[in-house]
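*Asks:* As a plain string of letters, each chain reads:
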Amino acid sequence: MQRLPLSYIRPGMKTFEEVVDAQGRVLCGKGVELTESMLQKFQELGVSYITVEGTPVKLPWEKTLEEELELLEKRFSGVKDEFLLHVKEVLKEVLMMKHSSGAKNG
Amino acid sequence: MADPSEKRKEVKKKIRKLEGLPALPPIIQKLNALIEDERSSLTQIADLIEKDQVITTKVLRLANSAFYGFPRKVSTVQQAMMLLGINVLKILIMTSSIFEIISKEDVGLWEHSVGVAACAKILAEMKEVSDPQEIATAGLLHDLGKVVQMIAFKEDYEEVKRKVEDGLSPLQAELEVFGIDHAEMGAFLMMQWNLPERLIEMVNSHHDLSRSKKYRKESALLHLADLLVHARGYGETTYVGLPPFDPKALTILKVDPSEIKEIYLKLEPRLYELKFFTEELKREMT
Ligand SMILES: [Fe+2]
Ligand SMILES: [Fe+2]
Numbered sequence: 001m002q003r004l005p006l007s008y009i010r011p012g013m014k015t016f017e018e019v020v021d022a023q024g025r026v027l028c029g030k031g032v033e034l035t036e037s038m039l040q041k042f043q044e045l046g047v048s049y050i051t052v053e054g055t056p057v058k059l060p061w062e063k064t065l066e067e068e069l070e071l072l073e074k075r076f077s078g079v080k081d082e083f084l085l086h087v088k089e090v091l092k093e094v095l096m097m098k099h100s101s102g103a104k105n106g
Numbered sequence: 107m108a109d110p111s112e113k114r115k116e117v118k119k120k121i122r123k124l125e126g127l128p129a130l131p132p133i134i135q136k137l138n139a140l141i142e143d144e145r146s147s148l149t150q151i152a153d154l155i156e157k158d159q160v161i162t163t164k165v166l167r168l169a170n171s172a173f174y175g176f177p178r179k180v181s182t183v184q185q186a187m188m189l190l191g192i193n194v195l196k197i198l199i200m201t202s203s204i205f206e207i208i209s210k211e212d213v214g215l216w217e218h219s220v221g222v223a224a225c226a227k228i229l230a231e232m233k234e235v236s237d238p239q240e241i242a243t244a245g246l247l248h249d250l251g252k253v254v255q256m257i258a259f260k261e262d263y264e265e266v267k268r269k270v271e272d273g274l275s276p277l278q279a280e281l282e283v284f285g286i287d288h289a290e291m292g293a294f295l296m297m298q299w300n301l302p303e304r305l306i307e308m309v310n311s312h313h314d315l316s317r318s319k320k321y322r323k324e325s326a327l328l329h330l331a332d333l334l335v336h337a338r339g340y341g342e343t344t345y346v347g348l349p350p351f352d353p354k355a356l357t358i359l360k361v362d363p364s365e366i367k368e369i370y371l372k373l374e375p376r377l378y379e380l381k382f383f384t385e386e387l388k389r390e391m392t
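Listed in order, the protein sequences are those of chains A and B.
Under the working numbering, think of the first position of the first sequence as 1, with each following residue one higher.
Under the working numbering, think of the first position of the second sequence as 107, with each following residue one higher.
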């Protein structure tokens with residue numbers, strides 16, 4: 001699954017989650033193939049993000065887990081403070097969680 | 107080498123006169139008059155702002171950016187006023203030209219600033235610090251002094267960068283070149299703009315908590331937010347690794363290390379969305 005701003009959504013992409021409007025009303029269920037007219041309507045109703053199936057859009061700034069972890073090591077090189085090392089461990093955990101949930105569905 | 111204390115005076119004088127800095131939007135005077143006049147209504151204030159299309163567009167874009175994290179789209183000035191409060195809205199209007207300059211001159215610093223804004227707001231909500239919207243705005247402005255260096259003191263700023271490359275810490279390099287660091291420079295400019303005292307103190311002390319007197323909790327919050335965003339590696343500043351961190355911030359703010367995970371779990375989706383926001387700005391500018 002991939003969460004994307006409405007402007008990145010193209011007809012033919014399938015919803016992974018329900019689409020809700022600003023007031024929390026459900027506009028569209030999950031597993032629905034989106035059409036041009038649906039997107040138009042979402043735009044009018046102020047929908048800002050939609051979560052779709054798979055990973056249809058390659059985001060040039062997204063890094064792989066390996067890249068993320070390598071950069072993390074770099075940022076923390078030489079750090080010995082106990083609290084800061086704790087922050088580093090937490091970040092590792094959060095990054096791994098983020099990447100595993102993406103891979104499972106993507 | 108120039109005498110840093112002389113340079114310090116020169117820098118302050120230049121900021122006081124707003125030399126080389128963008129002028130405040132003309133709408134600000136009228137806006138202030140309206141806000142001070144108790145008889146004026148919110149609708150009147152919103153009408154005034156909406157007459158200025160450029161400002162309206164900029165303000166709505168900031169209000170919709172993920173660092174505030176509103177679940178619904180903010181489409182009118184009225185809505186922005188309800189969600190952010192008139193004071194925060196005024197600050198966004200006053201500083202909109204500065205934000206435009208940061209996003210043009212130094213995207214890395216811009217990303218860092220919006221990241222810190224998002225993190226500061228999350229911390230303010232968790233720790234029940236009053237007016238998280240305003241706290242987020244302090245995050246947005248915290249490295250304002252660097253922008254001042256970048257646009258009003260171009261050559262000196264290059265000198266700072268050289269010194270950092272030679273191994274000096276960024277703050278030390280600033281002190282050698284300017285006799286004043288970016289935290290104090292930013293706070294000084296905010297004073298000229300009559301921004302709230304609380305925000306000025308936060309910005310002034312974001313690398314040195316001993317500078318905060320009245321708003322110690324808020325200052326500790328900004329210090330921690332700056333560290334956490336650097337640690338996450340969002341945006342870019344003169345720090346290649348982490349900025350010096352004062353553990354007193356944790357005691358003052360009553361943050362237990364076990365809470366760090368919760369903070370990052372809230373921050374991560376915000377940063378994900380913010381990236382689209384900054385990328386969009388980048389595209390519009392090229
Ligand atoms: Fe800073
Ligand atoms: Fe910073």
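To be clear, the hints were calculated from the coordinates, so they are not data collected in a lab.
Watch out, some of these pointers could steer you wrong.
Chain A residues, not near chain B, derived (Cβ > 10 Å throughout) [stated by the list, open to error]: (1) Phe-16; (2) Ala-22; (3) Gln-23; (4) Met-38; (5) Leu-39; (6) Lys-41; (7) Pro-56; (8) Gly-78; (9) Val-79; (10) His-86; (11) Met-96; (12) Lys-98.
The list that follows gives simulated cross-link-like pairs (lysine-lysine, DSSO-like), each with its CA atoms no further than 30 Å apart [stated by the list, open to error]: (13) B:Lys-388 x B:Lys-372; (14) B:Lys-367 x A:Lys-88; (15) A:Lys-88 x B:Lys-360.
Ideal placement from N, C-alpha and C gives every residue a C-beta, glycine not left out.
*Asks:* Compare the structure with each hint and give your call.
*Replies:* Against the structure, the hints come out as follows:
With a least CB separation of 15 Å from chain B, Phe-16 (chain A) remains clear of the 10 Å interface cut-off, as annotated. Consistency note on Ala-22 (chain A): stated as away from chain B, yet its beta-carbon is not over 10 Å from all of that chain's, at 4 Å minimum. At the 10 Å boundary, the C-beta of Gln-23 (chain A) falls inside the reach of chain B, the nearest C-beta of that chain being 8 Å off. Met-38 (chain A), annotated as away from the interface, keeps every beta carbon of chain B farther than 10 Å; the closest lies near 17 Å.
Here Leu-39 (chain A) stays apart from chain B, with its beta-carbon at least about 15 Å from theirs, past the 10 Å limit. The non-interface label for Lys-41 (chain A) is consistent with chain B: the shortest C-beta to C-beta separation is roughly 14 Å, beyond 10 Å. At roughly 15 Å from the closest C-beta of chain B, the C-beta of Pro-56 (chain A) stays outside 10 Å, upholding its exclusion from the interface. For Gly-78 (chain A), the shortest C-beta to C-beta distance to chain B comes to about 7 Å, within the 10 Å cut-off, and the non-interface label is violated.
With 10 Å as the threshold on Cβ separation, the claim that Val-79 (chain A) sits away from chain B is violated: the shortest Cβ distance comes to roughly 7 Å. Distance check on His-86 (chain A): its Cβ comes as close as 5 Å (rounded) to a Cβ of chain B, failing to clear the 10 Å threshold; non-interface status is violated. Here Met-96 (chain A) stays apart from chain B, with its beta-carbon at least about 12 Å from theirs, past the 10 Å limit. The non-interface label for Lys-98 (chain A) is inconsistent with chain B: the shortest C-beta to C-beta separation is roughly 6 Å, within 10 Å.
Between Lys-388 (chain B) and Lys-372 (chain B), the direct Cα distance comes to roughly 25 Å. Compliance with the 30 Å bound is thereby established for this hinted pair. Note on Lys-367 (chain B) and Lys-88 (chain A): the hinted pairing holds, with a Cα-Cα distance of about 10 Å set against a maximum of 30 Å. The suggested pairing of Lys-88 (chain A) with Lys-360 (chain B) holds, with an alpha-carbon distance near 20 Å, which does not exceed 30 Å.
When each numbered hint is compared with the structure, violations occur for hints 2, 3, 8, 9, 10, 12.
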